[in-house]
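Line by line, the protein sequences are chains P and A.
So the first sequence is numbered by our numbering: it starts at 1 and just counts up by one.
So the second sequence is numbered by our numbering: it starts at 700 and just counts up by one.
What the hints contain is simulated information worked out from the structure, not anything from laboratory work.
It cannot be assumed that every hint is accurate.
[Stated by the list, open to error] Calculated cross-link-like contacts (lysine-lysine; reagent style PhoX-like; alpha-carbon spacing at most 25 Å):
| # | chain 1 | residue 1 | chain 2 | residue 2 |
| --- | --- | --- | --- | --- |
| 1 | P | Lys229 | A | Lys703 |
| 2 | P | Lys237 | A | Lys703 |
| 3 | A | Lys803 | P | Lys308 |
| 4 | P | Lys185 | A | Lys816 |
| 5 | A | Lys815 | A | Lys766 |
| 6 | P | Lys237 | A | Lys816 |
| 7 | P | Lys237 | A | Lys766 |
| 8 | A | Lys776 | P | Lys229 |
| 9 | A | Lys803 | P | Lys185 |
| 10 | P | Lys229 | A | Lys803 |
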Amino acid sequence: MFSDEELGVFLDELDEKIEVISDGFLQLERAGESPEVVQEIFRAAHTIKGSSAIMGYDKMSALTHEMENLFDRIRQGELRVTSEMIDVLFEALDTLKLLRDKVVGGDADVDIDPIMAKLGKYFRGESDQESGPAESQPLSVSSGGESENEPELTDAEIEIIREALLRGLNAYRIRVILDPDCQMKNVRAFMVFDRLEGMGEVIKSEPPAEQLEEGEFDREFDLVAVSEKTADELRQKILGIAEIEDARVTPVRVSDDEFTSTTSSNAEEEASLAASKTANAAADKKADGPSGMATPKTVRTVRISVDKLDNLMNLVGELVIERTRLDRFAELMESGQKSDELVDTISEISNHLGQVTGNLQDEIMKARMLPINQVFSRFPRMVRDIAHKLGKEINLVIEGRETELDRNIIEIIGEPLLHLVRNAIDHGIETAEERRQLGKPVTGMLKLKAYHEENHIVIIVEDDGRGIDPAKVKQAAIQKGVVDAESAERMSDKDAIDLIFRPGFSTAAEVSDLSGRGVGMDVVRNQIEQINGTVDVKSSPGKGTQFIIKLPLTLAIIRALMVSLANKIYAFPLANVQETIQITCNEIQLVKDREVIVVRGSVLPLVRLAELFGERSEAKDKLSVVIIGTAENMVGVVVDYLIGEQEIVIKSLGKYLGRIPGLSGATILGDGNVALIVDVQALVQEFTRKEDKVSARAG
Amino acid sequence: MAAKILVVDDAAFMRMTIKNTVTKAGYEVVDEAENGAVAIKKYEEHKPDVVTMDITMPELDGIGAVKAIIAKDPDAKIVMVTAMGQQQMVMEAIQAGAKDFIVKPFEQERILQAIKKVLNK
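Isolated chain P (complex conformation) (with noise of 0.2 Å):
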């Protein structure tokens, strides 16, 4: 059996690959074919096939042999890509998508039987017009053993084995098998070289160094090596390393018409390009003794569990809180004690002790990052399909794919943005036909952007659509009983398009399985605040529409803004706060025995945070007041004093506490007591919920 460990990275480059995968059918679709993108996708299903068979998926195996062999062919000049092939290719990705989910626990099982079918014709029939393949490939040098998927040799390699067969030396093909679960294939491969480099010289790989390096190879490789030794003695010269399986030696020969063979191949521009690498190679070489891959150039880098890095951050948010007790405590000292040497000491340290703390956090921080790209790189595959479903021609413009978030915003953000560019394909932008009438321009342009702002990162989903019209949702609005007419009449445009993040609406003519059913805009926005996020539409109609969602860049620490009542302190996330104020006790109004305030001519239902939480809250005729929320939807919340703003860590409550309302979790303060953080999200909702009904006769 293979550890959680060896699953994780398996996945992780299972997921890797796909993307590759994806990525190069995308381009091949849009650009046509190009010997870069045709290999790098052949060896995406290479690597794949490979360690799928390892881990013993066997399906999962054979269809991604079946891919590589058809891109093998691809590559070779044998084939060419139709769209049609594009077509049964996308298939071939979905099925291995399912394949993917099935080893995370999807439990459908899933057929490859037609789609191998679909891959198999392509290449059998191919073949089978031609007049054999042997014909049109541009192997120019044979060997005495087998000669399946072998490194061809360019002119300058095949030049270096003449000569070296002239000096009396012998020419080798030597591929080396590894043990099925060998560790460190890359160093394996390494001193395969080693010591082969004691002995001769090795004149190509294949994979190339490179790829060997980085262990980007299957248990096998190929080399091309000239030696004086025979061709056993190198053999047991390689199995005399721990961990290989196998080593298959064979001589090569080079004829003089093979020679000349070569410079017509098809696969020359291929050919010339693994010709560079080796060259590349072989500098590096000479460089640095005894082998091409003693300078390793790429970044050193490690896997680490997500739940380290979550334990990390737990770590650090213990040491922010240490730390702010210790800016506490030398405050104290200061306020009592005058001047001393050892008061200074203990502030100078506790100042230090900031600074470490604050850089420490900010480089955890940036460890759990992931560019957005992983959220974005889904996008180009599914508008292509969508657009293509619905007849639309669609340009996605992606920008700030390399902007950073949190691990975990970035697990959450995935949903909401789908269903803003589903929305944004299957409402917003019109067909070709009707564009055309429109004048517009035919293709339509949907963007997602993404880009650092303060302490926020925003994100833009943007179309040139028909956006949304406003005098169309209050109808939609008035007709699901969202709002009533009197007050849909007396709002604004942009209250009006607001109303499409209301639960209930949904802003379809009719339910598209694009789009799907009962889950709108309010789900988007709820999902959106659920990570202290905020989502705004811009619409101007038979223009386009713009979502901007601005999202905190952490969730891990946020910035809290501090009161108290009845003697505890509670946090209220920065945030959702808009303002505080004070009020005298005569500014309440009840409305249908609700207490409302009026801020700069906005009802607003006030909330007495004692009631809401049965404490006992002081009598004053001046409150104070917190008000949250997002522009449109405000509460005003009683307090008793306000503090200050203070950064926080947030910890959960505990299992066996579980979900308290009101409540969204605790954080430990400086002097060590516990306060408890506010559930903004929730109290807004359910206030102005009741609001709603309250509205009409208010103001």
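Go by the hints and put chain A onto chain P.
Then chain A, alone, in the frame of chain P:
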């Protein structure tokens, strides 16, 4: 005569695991060392047939020890016992003259196979 093995690792558990494994297979563990510096001294003292060498150790790490041992005895047969993710260091050790390596955690046959292979050379 059973081949003599020197086990070098700073973790007592690893030394024990390796010792048990190789002893069961009929080799003789002549001594153990918990860091590179001690390893050099004990290599001199026992002239073992094979050394299993951890990489990350206090005082002197495995690579330093390999360099020192190979400098005195170019034929020393040293098998690196490495952790995942130490590729670069293993390569360094091999360039310094270590004859082979295995990756922790390993199955028993792995270390036995590696020892057998370096002894056959």
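What hint numbers does the structure not satisfy?
1, 10
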